[in-house]
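Chains A and B, in that order, give the protein sequences.
First residue of the first sequence? That's 1 in this note's numbering, and the numbers climb one at a time after it.
First residue of the second sequence? That's 1 in this note's numbering, and the numbers climb one at a time after it.
Among the hints, a few may not be true.
Unchecked claim - The calculated lysine-lysine pairs, modelled on DSS-like cross-linking and capped at a C-alpha distance of 30 Å, are: (1) B/Lys236 to A/Lys327; (2) A/Lys127 to A/Lys8; (3) A/Lys363 to B/Lys236.
Think of the hints as simulated: they come from the structure by calculation, not from any bench.
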Amino acid sequence: MDLNEKLKILSDAAKYDVSCSSSGSTRKGQKGNLGAAATSGICHSFTPDGRCISLLKILLTNYCIYDCAYCINRRSNDVQRASFTPQEIINLTINFYRRNYIEGLFLSSAIIKNSNHTMEMLLQVAKKLRLEEGFNGYIHMKAIPGASEELIHEAGLYVDRMSVNIELPSENSLKLLAPDKDKNAILAPMRSIGSQIISAKEARKTFKKAPLFVPGGQSTQLIIGATPETDLKILNLSENLYNKYNLKRVYYSAYTPVNTDSNLPELKTPPTLREHRLYQGDWLLRFYGFKAHELLSEEKPQFDIHLDPKCNWALNNLHLFPVEINKAPYEMLLRVPGIGIRSAKKIVISRRIAPLNYDDLKKLGIVLKRAQFFITCNTKYYGSTDIDDIQIRRKLVPQFEFEENIPYEQLSLFTLSSTTHNTSLLLNSTSAVKPLLLQDSLSALTGEL
Amino acid sequence: MIDYLYDGSFDGLLTCIFYAYNDKEASSIFREDTYHSNLFTTSKVISTEEDKATRVYTSIQKNLSHSTLSNVYYLYLSEYNDAETLILHYLRLCFKYTDKINLAKSNDVIRKVDLYAKRVGHEVHRFTGFVRFKELAPLMFYAQIEPDHFILPLLIKHFVNRFSNQSFIIHDLKRHVALIYNKKDAFLQNLSEEEHLKLMKAPQSDPFLDLFRTYYKAATIEERINIRRRNAFIPKRYFKHLGEL
Numbered sequence: 001m002d003l004n005e006k007l008k009i010l011s012d013a014a015k016y017d018v019s020c021s022s023s024g025s026t027r028k029g030q031k032g033n034l035g036a037a038a039t040s041g042i043c044h045s046f047t048p049d050g051r052c053i054s055l056l057k058i059l060l061t062n063y064c065i066y067d068c069a070y071c072i073n074r075r076s077n078d079v080q081r082a083s084f085t086p087q088e089i090i091n092l093t094i095n096f097y098r099r100n101y102i103e104g105l106f107l108s109s110a111i112i113k114n115s116n117h118t119m120e121m122l123l124q125v126a127k128k129l130r131l132e133e134g135f136n137g138y139i140h141m142k143a144i145p146g147a148s149e150e151l152i153h154e155a156g157l158y159v160d161r162m163s164v165n166i167e168l169p170s171e172n173s174l175k176l177l178a179p180d181k182d183k184n185a186i187l188a189p190m191r192s193i194g195s196q197i198i199s200a201k202e203a204r205k206t207f208k209k210a211p212l213f214v215p216g217g218q219s220t221q222l223i224i225g226a227t228p229e230t231d232l233k234i235l236n237l238s239e240n241l242y243n244k245y246n247l248k249r250v251y252y253s254a255y256t257p258v259n260t261d262s263n264l265p266e267l268k269t270p271p272t273l274r275e276h277r278l279y280q281g282d283w284l285l286r287f288y289g290f291k292a293h294e295l296l297s298e299e300k301p302q303f304d305i306h307l308d309p310k311c312n313w314a315l316n317n318l319h320l321f322p323v324e325i326n327k328a329p330y331e332m333l334l335r336v337p338g339i340g341i342r343s344a345k346k347i348v349i350s351r352r353i354a355p356l357n358y359d360d361l362k363k364l365g366i367v368l369k370r371a372q373f374f375i376t377c378n379t380k381y382y383g384s385t386d387i388d389d390i391q392i393r394r395k396l397v398p399q400f401e402f403e404e405n406i407p408y409e410q411l412s413l414f415t416l417s418s419t420t421h422n423t424s425l426l427l428n429s430t431s432a433v434k435p436l437l438l439q440d441s442l443s444a445l446t447g448e449l
Numbered sequence: 001m002i003d004y005l006y007d008g009s010f011d012g013l014l015t016c017i018f019y020a021y022n023d024k025e026a027s028s029i030f031r032e033d034t035y036h037s038n039l040f041t042t043s044k045v046i047s048t049e050e051d052k053a054t055r056v057y058t059s060i061q062k063n064l065s066h067s068t069l070s071n072v073y074y075l076y077l078s079e080y081n082d083a084e085t086l087i088l089h090y091l092r093l094c095f096k097y098t099d100k101i102n103l104a105k106s107n108d109v110i111r112k113v114d115l116y117a118k119r120v121g122h123e124v125h126r127f128t129g130f131v132r133f134k135e136l137a138p139l140m141f142y143a144q145i146e147p148d149h150f151i152l153p154l155l156i157k158h159f160v161n162r163f164s165n166q167s168f169i170i171h172d173l174k175r176h177v178a179l180i181y182n183k184k185d186a187f188l189q190n191l192s193e194e195e196h197l198k199l200m201k202a203p204q205s206d207p208f209l210d211l212f213r214t215y216y217k218a219a220t221i222e223e224r225i226n227i228r229r230r231n232a233f234i235p236k237r238y239f240k241h242l243g244e245l
């Protein structure tokens with residue numbers, strides 16, 4: 001099998017891993033060696049699905065001993081199999097990197113023989129790249145659940161980011177869809193990587209030359225819509241991962257049906273809008289100071305399809321609004337829908353010079369479409385309705401139906417009664433505005449058919 | 001009303017600012033080579049004087065701040081028609097109200113300065129990713145770009161730091177300027193028409209480009225195709241030099 005064919009099979013098999021970031025690492029370039037990490041991360045290209053290509057994302061092999069129902073590489077699937085030799089991966093990485101196609105390597109693998117053997121193979125590639133080739137670019141490596149702690153620790157010394165994919169957000173789902181994996185085998189390496197990152201950081205404060213250990217932090221991935229977990233449960237899990245395991249990122253992957261299995265839901269399209277809402281919630285947790293239980297509750301465990309999580313929170317807590325733009329503390333500004341981190345910062349620094357008026361807000365880039373209902377400016381309220389849940393909701397919810405098959409009729413010039421005239425015009429106007437969100441059908445939103 | 005004209009160099013621009021700053025008649029600053037005269041203004045060509053330029057430079061650095069200086073430089077590199085005039089207004093504002101005026105994010109001048117500087121910075125960041133090298137000879141790489149702004153000076157540090165053990169040329173086709181690195185020094189060079197055409201003719205095939213095309217195709221998830229989203233990230237004007245698209 002030639003290299004091109006192998007690359008095709010093994011990158012195709014790796015694409016369902018959504019993590020693409022090349023950020024967070026402080027690894028510096030050295031004169032005479034190849035590569036350096038950019039703290040902000042760099043996207044080198046974008047595929048037609050709108051995701052970025054930052055790292056060369058490939059599997060070492062797709063021969064797998066496991067039989068996870070959701071995975072394209074499961075043992076019982078009839079797909080083409082291939083494996084790279086370490087040298088082939090190194091050649092590809094170095095040559096792609098020299099041409100500035102990629103920011104580094106994302107190396108994962110199916111499980112061959114056993115966890116330890118697989119981890120050893122991955123480690124070998126990373127070690128060769130760093131020690132023999134003097135490569136200082138970004139390396140993201142999967143920690144294989146069940147591999148020994150020493151192996152994972154050693155790998156951590158060479159890579160920039162490590163990740164262990166949880167994939168399924170609860171133990172039950174794990175049992176159902178991935179019978180060979182177990183919760184503790186996944187969480188144990190995450191815990192140990194997390195604590196070692198912290199101790200390595202501490203050590204570098206005292207000794208400048210202390211070895212780097214996973215400087216880009218660790219991440220994980222959850223599959224959305226393959227199992228019946230609610231958004232609340234998923235977001236709670238993420239919150240715990242951020243707080244307890246010190247994770248950099250949790251990625252959410254709308255389940256793309258690649259297999260048919262009696263335990264899997266039959267989806268027409270991936271639930272991308274639900275994934276989007278979860279990411280929005282995730283950002284609110286990490287950057288806006290929200291807690292999972294503020295955004296969702298046991299009574300309403302799913303995000304609203306029509307409204308973003310922050311708007312939804314604001315409407316449920318209308319007693320906190322409106323806030324005065326010229327007085328409110330930064331933390332409260334962050335909680336106003338339509339004001340993001342940048343605009344909140346701009347407001348805080350600009351109002352030190354002079355009080356802001358309503359026209360200024362637009363100039364600062366605040367989304368007044370949403371913010372107008374939740375703010376006052378020099379004690380004046382500018383919203384186009386009263387501060388009332390139902391009225392604001394009517395203004396903010398998109399004016400189209402997500403289901404496209406709205407019945408409408410051709411207008412006739414001659415047989416018009418006044419009533420049909422009104423209704424048909426109304427229906428026409430709603431069906432004319434088409435949703436701009438992928439091909440989301442209702443099934444894509446709820447994750448069920 | 002007088003339009004001040006300069007030769008296109010940064011020092012020339014700073015010299016222009018030196019003379020125009022206190023001139024109430026000074027309305028705008030333009031590049032000499034792209035200037036169109038009009039009925040209502042007279043023009044005045046300012047030749048570059050290094051000592052005047054240095055005075056303006058150090059004055060900004062000392063009395064204002066490093067970030068103001070970098071804003072001025074970014075505006076100059078943006079090559080927008082009104083960038084030079086904007087710099088004049090910006091500096092007048094800054095020297096009048098001290099550097100703190102930069103906090104007034106709702107001020108129209110400050111807003112425009114931020115916007116232009118952001119666009120240049122954004123394009124620099126984009127091109128740290130969108131430069132595509134081809135291997136002409138072993139460890140000798142060549143790339144063509146056509147950016148909106150003159151970003152080559154800002155790319156030097158990034159690429160030299162990263163590719164310190166390979167020689168490379170990044171060729172700005174729009175401006176006939178090349179960033180050249182020979183494993184020792186990096187410098188910008190204005191290319192003559194001949195050199196420009198000669199470089200353009202460099203062989204365009206590369207076996208790894210085919211491999212990268214394969215990778216690009218394989219990494220796409222068919223069920224999630226969303227071309228509009230892709231094109232929002234890579235504007236179409238950049239497609240030409242991205243081999244995988």
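Of the numbered hints stated earlier in the document, which are not met by this structure? 1
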